[in-house]
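Undergrad: Please put together the full structure from these sequences, using the hints given.
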Amino acid sequence: MTDAPTATSRRRWLRSAAGALIFVLVILLCLRVGWAAVTRYYLVNWDGLAAVAHAYDVLYKESGAHLALLGFVEPPLPGLIATMLAGLGRALLHPAFVPAAIGALLLALGALAVRRIGGEMGLGEWSLLFAVVLVLDPIVLSYAAGGAPAVLLILLLLGGAYSLSRWGEHQRFRDLLAVSLYLAGALMTRYEVMFVVAAVAAYTAYRSARENGAQGAEGTVIAFLLPIVYVAAAWIGVCWVIEGDPWFFWRNTFSEVPFGPLRYPLTAIGEVLRMLLICSPLLLPAAYHALRDPGLRARAAGPLLMICGSGAAVIILGPLHASLPGDAWTQLTTLVAVSIAAGLVVVMMAAAHLAQRRATHRQRAVVVVLAVAALLANLWLVRAGYGRPDDPAAVLSGKISFADDASDEMLAARYLCADLDAGAEPVIAGWPGFAVALFTRQVDRITVLPTVLSRLEDRQLRPGDIVVLKERTGPGGLARPGYKHKWDDRLPPSLRLEPRWCTQQWIGYEVVEGDGQRARIRPRRP
Amino acid sequence: MTEEGSPPDHDPALRVLHERPEECAYRSLTRRQQVVLAGLAIILITALVWRPISALVVLNAILIVFYLVHSTYKFYLVWLSLDQPLIVEASPEEVAALRDEDLPSYTILVPLYREARVLPALVEGLARLDYPADRMQVILLLEEDDAETRQACEQTDLPANFRSLVVPHSQPKTKPKACNYGLEASDSDLIVIYDAEDRPEPDQLKKAVVTFAKASPQTACVQAKLNYYNQRQNLLTRWFTAEYSVWFDLFLPGLTASGAPIPLGGTSNHFRTPVLKELGGWDPFNVTEDCDLGVRLHKHGFRTIMTDSTTWEEANGRLFSWLRQRSRWVKGYLQTYLVHMRHPGKLLRQLGLAGFFSFQMTIGGSVLCFVINPIYWLLTALWIATQAQIISALFPPVIYALGALCLVAGNFVFVYLAVAGCMTRRYYDLVKYAVFSPIYWLLMSLGAYRGIAQLLLQPHYWEKTDHGFALPEVEP
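Protein chains in written order, with our numbering: chain A, 1 to 526; chain B, 1 to 476.
There is no bait here: all hints are sound.
Not everything, but these chain A residues come out facing chain B in the computed CB check (under 8 Å):
| # | residue |
| --- | --- |
| 1 | 173 |
| 2 | 177 |
| 3 | 215 |
| 4 | 216 |
| 5 | 219 |
| 6 | 223 |
| 7 | 227 |
| 8 | 230 |
| 9 | 234 |
Simulated restraints, written as ranges between beta carbons of each label pair:
| # | chain 1 | residue 1 | chain 2 | residue 2 | range |
| --- | --- | --- | --- | --- | --- |
| 10 | B | 387 | A | 274 | 49 to 57 Å |
| 11 | B | 375 | A | 356 | 55 to 63 Å |
| 12 | B | 387 | A | 15 | 49 to 57 Å |
| 13 | A | 356 | B | 100 | 42 to 50 Å |
In silico negatives: residues of chain A with every beta carbon more than 10 Å from chain B:
| # | residue |
| --- | --- |
| 14 | 16 |
| 15 | 20 |
| 16 | 39 |
| 17 | 122 |
| 18 | 363 |
| 19 | 366 |
| 20 | 384 |
| 21 | 385 |
| 22 | 398 |
| 23 | 496 |
| 24 | 505 |
The set of hints was computed from the structure by calculation and includes no laboratory data.
In this text, all values refer to a predicted model and were calculated from it rather than measured experimentally.
We treat Cβ as the ideally placed atom computed from N, Cα and C, and that holds for glycine.
TA: Here you go:
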């Protein structure tokens with residue numbers, strides 16, 4: 001009589017132990033890749049580092065926590081999460097490593113989530129395979145090792161897609177609430193998720209109207225949208241209270257972007273399909289299979305509509321994306337994240353269905369053919385140069401994608417440390433000045449201005465102050481004869497800026513009296 | 001309905017007073033509680049005089065932390081209920097499988113006071129109950145000074161298993177006292193209370209029997225869900241329905257699952273009669289005797305579970321009457337809190353740490369929330385309007401962050417709980433009204449302040465809720 005409970009509890013213990021092991025292994029892998037990226041290739045994901053920099057401001061710079069320090073340009077959730085975890089940062093070896101630590105934690109949670117989802121779908125230990133697929137996906141691993149907010153987005157969308165699939169099957173309120181909370185978080189990680197929210201709202205309205213009439217649709221949509229709208233409204237309110245402008249976040253995100261007529265719909269559709277084939281090659285055959293089976297269709301429709309909503313955003317915002325800075329991968333981050341997360345849920349669903357031999361022989365044959373075709377298309381895209389930014393082996397060695405070379409900022413920080421040691425309290429103006437400040441590990445003594453001119457003019461500079469400005473000088477820039485910087489004209493007549501050191505893009509100036517002597521320029525690192 | 005005069009020495013309805021005076025609300029505060037409260041008041045006043053800002057900051061911090069914990073706890077309990085069904089299911093097959101001869105005997109107590117208007121509907125509703133008449137007796141508890149209802153009762157053709165019992169006119173004049181007379185007159189296995197306007201689902205008694213059979217021996221009470229049949233009568237009844245849906249469909253099942261003491265609903269609680277008699281019945285001096293009894297059951301090692309059956313009641317749709325009812329509930333919750341907190345250490349041992357925490361949050365915490373809500377809203381409004389330094393001074397950075405979290409997240413949690421209640425009950429058309437439930441909270445706070453005032457002035461005064469005002473067209 002006691003064997004059964006013992007076996008059950010042992011199985012449960014083993015499962016928990018396996019989960020803990022997966023968690024630790026994923027974190028170690030991600031940290032190793034992140035460490036190599038920072039120390040070997042000087043690669044940093046600016047968005048991830050920006051969130052950490054804001055968190056450092058909150059934790060170390062001001063005597064009191066102030067929400068304004070989280071930064072209002074980027075969506076706030078990565079900054080809030082970084083604030084909770086950045087306390088570890090001072091114990092880590094390099095500040096640029098903090099985003100990797102956060103990304104590792106999120107990816108490990110993602111792996112556990114996939115394992116659990118697979119278990120609930122009936123995939124058994126095969127769910128581990130899907131967790132491995134997620135973790136070793138070079139796109140996801142690059143996001144995580146760089147600490148990009150996209151890894152948070154993928155985690156939230158994974159939860160959202162799975163909860164929506166459950167709601168589609170049982171229409172339980174708890175699942176609807178879970179979808180709503182996940183998508184509210186995703187919206188606060190990337191504003192373009194609003195298109196996914198719109199698609200899901202339309203889907204819930206349709207399903208609810210079919211079963212509970214117009215009032216059912218009304219109540220369900222309100223219940224679904226309420227947390228999301230509330231979170232968005234709270235964010236707008238925060239912007240209003242602290243920045244004096246409710247639409248501050250919107251203006252700062254899209255102010256430079258011209259909204260024009262829809263000119264490139266075909267290009268956009270092609271781009272969406274390309275991304276789907278690259279990011280989730282088995283999605284299309286899985287979707288085909290799911291939509292053919294009525295029971296499976298009810299579960300898969302929601303996640304598939306999430307992908308459609310994100311794809312529609314690309315098509316609708318075609319001109320917007322085309323004019324945003326960065327490559328297609330940067331512009332289409334939301335689509336990439338949705339297709340990876342929701343795509344994985346649909347693929348796992350179809351795999352579980354096929355594994356349980358619920359499909360006909362013919363249906364399975366069609367799925368296999370489609371899967372082979374999709375994998376061949378994926379291979380062709382990769383070989384033709386339309387595929388992933390970096391190959392998996394390079395990513396594993398630390399040469400992660402979606403990251404930029406930060407060696408110049410690291411060098412500038414080293415120079416600035418000498419000024420700090422001399423007692424200066426510098427001002428850094430220009431993007432990504434926060435990285436320079438962060439790398440000095442003395443953020444509490446440095447003022448960082450995101451923009452250069454307008455605010456620098458407002459500052460009360462005094463002789464002896466150190467000002468670090470972003471100015472592309474090129475190799476040996478300041479040493480070139482006749483070099484004249486452009487800031488003197490903007491200072492009071494009695495002051496001028498004397499260059500003290502320079503890197504490729506950053507120049508450290510000292511504010512001196514009008515008749516001051518020219519300071520010695522330190523040599524650049526070879 | 002006044003409280004002058006001392007209670008008689010050997011009234012069987014006053015067993016709690018005579019046998020368990022420590023658990024009776026005859027006196028709201030013991031001497032020791034008075035001393036402790038006076039001491040705390042002196043400390044607070046001294047601190048306010050000596051260091052007013054610091055004292056207010058500390059008080060503010062305590063309240064904000066409490067509010068956060070309370071909101072999180074409520075959300076957790078509701079999430080538990082949403083996660084899995086926590087109510088004991090009694091399936092139609094299980095109910096159908098019951099054989100009449102095996103059923104336990106049942107007593108239904110119906111306390112009536114000035115309820116002549118609803119008597120015919122009540123008799124009709126109870127007669128519809130699916131339970132063998134020879135195993136069920138209905139006792140209508142009439143008050144000696146309520147000639148109108150007694151007359152209506154005499155003129156009504158009552159079924160054979162119905163009988164009336166006249167409760168002698170004495171103090172306190174409360175529903176629990178009447179119920180205690182009914183309990184004394186009952187010798188059945190199970191006993192249940194229904195209010196005059198109640199319409200229990202016909203198979204509720206049998207479901208309760210099935211639930212008792214499935215439950216552990218410690219289970220002494222099965223609570224059915226309560227909800228309203230006149231939910232769409234007006235805005236107040238819509239909000240009231242949303243509140244009840246959260247309470248009985250989500251919150252109480254969550255409490256049950258977490259093993260915490262359950263504040264019973266006023267009606268439709270089915271008891272094992274011997275256990276109830278052992279505990280001395282209801283406290284006649286407590287104006288929420290149901291809540292008090294739920295805690296007492298738990299203290300003495302018994303448990304309450306919920307069954308999947310609903311009793312439909314009439315929502316109070318008239319504002320002043322609703323306020324009177326709410327203030328009685330708040331007063332009763334406070335009475336219950338004070339009675340059981342006479343010996344906090346003993347209570348902690350009896351309830352366990354989790355139960356004790358739940359008691360603080362559910363019984364004392366609910367009232368405190370009603371009290372502090374309007375204060376913080378007022379502070380927020382004043383700060384937005386005036387940016388007054390004195391208000392800023394009360395919120396140093398960490399407290400400001402926590403306070404902002406309370407304001408933004410805490411309030412939303414409670415709004416969404418109302419939405420969740422409506423969705424769980426499939427009252428889809430009420431969801432939009434639930435969104436505006438903060439207005440309803442204001443009314444609840446108003447009722448709370450009134451209840452507190454009454455606790456000080458008329459602790460045992462029972463404010464009668466009038467029934468029979470539901471619009472006919474909205475009844476099910």
